[in-house]
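One line per chain: the protein sequences are A and B, in this order. Just so you know, the first sequence maps onto residues 1 to 466 in the numbering used here. Just so you know, the second sequence maps onto residues 1001 to 1221 in the numbering used here.
Treat the hints loosely; a few may be bogus.
[Said to hold, decoys possible] Under the rule of at most 25 Å between Cα atoms (straight-line distance), these lysine to aspartate or glutamate pairs were calculated in the DMTMM-like manner:
(1) K1014(B) / E295(A)
(2) K1200(B) / E1175(B)
(3) K1014(B) / E146(A)
(4) K1014(B) / E237(A)
(5) K142(A) / D155(A)
(6) K1200(B) / D1097(B)
(7) K205(A) / E237(A)
(8) K205(A) / E1085(B)
(9) K1207(B) / D1191(B)
(10) K126(A) / E146(A)
(11) K205(A) / D158(A)
(12) K205(A) / E230(A)
(13) K205(A) / E215(A)
(14) K142(A) / E119(A)
(15) K126(A) / E39(A)
(16) K1014(B) / E220(A)
(17) K200(A) / E220(A)
(18) K205(A) / D1082(B)
[Said to hold, decoys possible] For each label pair, taking beta carbons as the anchor points, the in silico distance ranges come out as:
(19) R1034(B) / A342(A): 57 to 63 Å
(20) R1089(B) / N313(A): 46 to 52 Å
(21) E1140(B) / R450(A): 49 to 55 Å
(22) R1089(B) / R450(A): 50 to 56 Å
(23) A291(A) / L1064(B): 34 to 40 Å
The set of hints was computed from the structure by calculation and includes no laboratory data. All residues carry an ideal CB built from backbone N, CA and C; glycine is no exception.
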Amino acid sequence: MKLHSLRARIRWTIIGLLATVLLPLGMLSYQRTIAEVDELSDGRLAQSARTLEALIGHDSFALGSPEHAPIDVPAFAADPKNTPRNARTYESEVGYQVVDRQGNLRISTSNLLGMPAIEAPDRTFKDVAFGGYRWRVFTLRKASGELIRTAERYDSRDEIAYALWIQHGLPLFIGIPLLAILVGWGVQRNLRPLDVLADKLFMRKPGSHALLTLENAPSELQPVLDALNEQIARLEEALERERRFSADVAHELRTPLASTMINLESAMHARDATASESALISATECLASLARRTEQLLALARLEGAPGRQPLNRVDLVAVTGAVIDEMVAVIVTSGVELSLAPLPDTLIVQGDEAALRALLRNLLENAMRHVPAGGHVQFALSQTRYEAVIDVVDDGPGIPAERRSQVFDRFHRESSSRGDGYGLGLSIVKRAAQMHGANIQLLDSPLGRGLHVRVGIPLPDDSQA
Amino acid sequence: MHILLIEDDPLLGKAVERALTQLTYTVTWLRDGREAVAAVNDRMVDLILLDLGLPNKDGFDVLLELRQRRIRTPVIVMTARDGLEARVRGLDAGADDYLVKPFHLDELAARIRSTARRAQGLSDNRIEVGALSLDMTTAEVSFRGAPVELTPREFALLQTLMERAGRVVRRAQLESSLYGWDSDVGTNALDVLVHGLRRKLSHDTIKTVRGFGYTIPLEPQ
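Looking at chain A on its own, in the form it has when it is part of the complex:
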């Protein structure tokens, strides 16, 4: 049987264990009782035989003459009412016989009359079947030649043993079901916190930041509670990120979408071809912006979706830089901004995720290019310090005042002087990618006099630290 309830499992385990221990104990106790009663009764038979021996050896004791029939001693009290009540159960069926030197039966209790003579050595017990019963017979031989037998019926012995055992064993049998009920109650009571916890979890509202708590929580449940709270917190955080992300997506995509729609409709309503064409050109720009933001959002979604620790490979930053510059050729050529690269090292190996590093470099460069007016400059350099690979992007654009530098990483943020196009989005991609690599980002004053200097330091793998 498969038990699905913890309560039933605990209850049946306890009851099972109790039964396993108590039943053999009961059996043992039964056997011990029988053996004890046997020994006790044997002792009594021997004692009675000796008492008889003492009596018949006394001078004043007349054995009567051998010609006469043996003295018949009633086996039981003639009047049961006079027998003390407490003695009834244990007054067993016993009998005595005395045989004289010549072998004549001189005294016998009536229940032993007609018992065949038993030849047994002195002071020995013998089991005899007689009169439909099994008897235990003790034989005592006097030195003068008389023979004394004392006997007891086995069934009356067993009755005593049985009665004794019932007295002691019965509570055990009544006790087991009673224990089962009590154990059930105890288990139920002690597992209450589980029910309370289940209720609390069930009633919990999504989005609630309240911690799960239990009054007097058992120490075994506390780790479960802690783990649950941590999981819930993580889940809520993920949900919150998700909500923020979709809000950002809405903002980042709906705005260029609105511009595109308005431009296209202006083109349709335009009075002349020039106005119509100019509106169409704007619509194309808006679509390009929409496409770019879509790409950025996808990149961000991929980065955000990536678990915090994922396997990092050896990536050559110089190669990644080359690939990014290739991708950006069109932007670089049409921007009217002069991009200059400091001489690159041959290789610069970091532990990283190539796609994330590519997104990082691309967005760093794009942000700089887009925030510098035509005719401006952007300088890019890769270098290596003792512990870090360093990426420097310097521009002579409008820059960001020192007091606002900490805010620019917010996805919604857009500097008022910017040419739009998801400044915040680009920098949050940079930030997320940097986080994945344990890298730090510094926003510094540009050495070109005006503008911004972004420096990203990516820790080097241990084996390539200089």
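Given chain A, put chain B in place with the hints provided.
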């Protein structure tokens, strides 16, 4: 009609400015919320189109500050936030209407008309004063039952005067409404425009209040 567009996104700002100009509105485009509050505080404007989510000053704050300064200019809010909560908050903060991006130009135009109409206490898009009749939706004007061809500027001037028929409209307000704030308008540009309009209608349709402005009287001529 002079519309102040407060929009930080260069592409959307340009698109809306172009589209509204095409629809004969005068548009001033500001990118910064702080700048906008200061500007509206000491100059005239007929309607404000406000984007929520501006740099430096959140659109909500701009709206609240405008209303705190008792500036009653009608405001239409444009936003990418479509949640019920955001809409209710926007309207409660004093917005007259709410547009969720992306929107159609036709809807934007209709909402501008309806908001302006409500601000003038009108119930439909037709204004009739004496023998003059003007339809804001179709941009048609008729005088004594006959249609009159007007240039966009003439139409805008006539609309402004008819909306405020019976009241004197100041020169400064008319100039702001027709040319915006920064355009370099010659001192007599307005007079030339009024002259042209009088020629197409009748000389006494528009009355001059010397040193102050112009008015279209409510009394039938």
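Right, here's what the structure says about each hint:
Proposed proximity of K1014(B) and E295(A) is supported: the alpha carbons are some 23 Å apart, at most 25 Å. For a cut-off of 25 Å, the pair hint linking K1200(B) to E1175(B) stands: about 21 Å separates their Cα positions. A threshold of 25 Å between alpha carbons decides the hint, and for K1014(B) with E146(A) the separation of about 143 Å lies outside it, so the pair is violated. Under the criterion of a C-alpha separation no larger than 25 Å, the hint pairing K1014(B) with E237(A) is inconsistent with the structure, at around 38 Å.
With a C-alpha separation of about 29 Å, the suggested pair K142(A) and D155(A) falls outside the 25 Å cut-off, and the hint is violated. Taking the CA atoms of K1200(B) and D1097(B), the gap is about 36 Å. The hint is violated against a cut of 25 Å. The hinted pair formed by K205(A) and E237(A) meets the criterion: a straight-line CA distance of about 15 Å does not exceed 25 Å. The hinted pair formed by K205(A) and E1085(B) meets the criterion: a straight-line CA distance of about 19 Å does not exceed 25 Å.
With a C-alpha separation of about 12 Å, the suggested pairing of K1207(B) with D1191(B) holds against the 25 Å cut-off. Using a Cα cut-off of 25 Å, the hinted pair K126(A) and E146(A) holds, with the two alpha carbons roughly 18 Å apart. This hinted pair does not check out: K205(A) and D158(A) have alpha carbons roughly 71 Å apart, beyond 25 Å. Of the pairs offered as hints, the one joining K205(A) and E230(A) holds, with about 16 Å between alpha carbons and a cut-off of 25 Å not exceeded.
Note on K205(A) and E215(A): the hinted pairing holds, with a Cα-Cα distance of about 20 Å set against a maximum of 25 Å. The hinted pair formed by K142(A) and E119(A) meets the criterion: a straight-line CA distance of about 14 Å does not exceed 25 Å. Our distance criterion of 25 Å between C-alpha atoms is met by K126(A) and E39(A), whose separation comes to about 14 Å. Distance hint between K1014(B) and E220(A) is unfulfilled; the C-alpha atoms sit about 65 Å from each other, more than 25 Å.
Between the alpha carbons of K200(A) and E220(A) the distance comes to roughly 18 Å, so the proposed pair stays at or under 25 Å and holds. Taking the CA atoms of K205(A) and D1082(B), the gap is near 24 Å; set against the 25 Å cutoff, the hint holds. In this structure, R1034(B) and A342(A) break the distance hint of 57 to 63 Å, their C-beta atoms being roughly 39 Å apart. R1089(B) and N313(A) have their C-beta atoms about 47 Å apart, which keeps the hinted 46 to 52 Å range intact.
For the pair E1140(B) and R450(A), the beta carbons lie near 54 Å from each other, so the given range of 49 to 55 Å is met. Checking the proposed 50 to 56 Å range against R1089(B) and R450(A) shows it is violated: the Cβ atoms sit about 39 Å from each other. Between A291(A) and L1064(B), the C-beta spacing of about 36 Å keeps the proposed range 34 to 40 Å intact.
Of the numbered hints given earlier, the model fails hints 3, 4, 5, 6, 11, 16, 19 and 22; all others are met.
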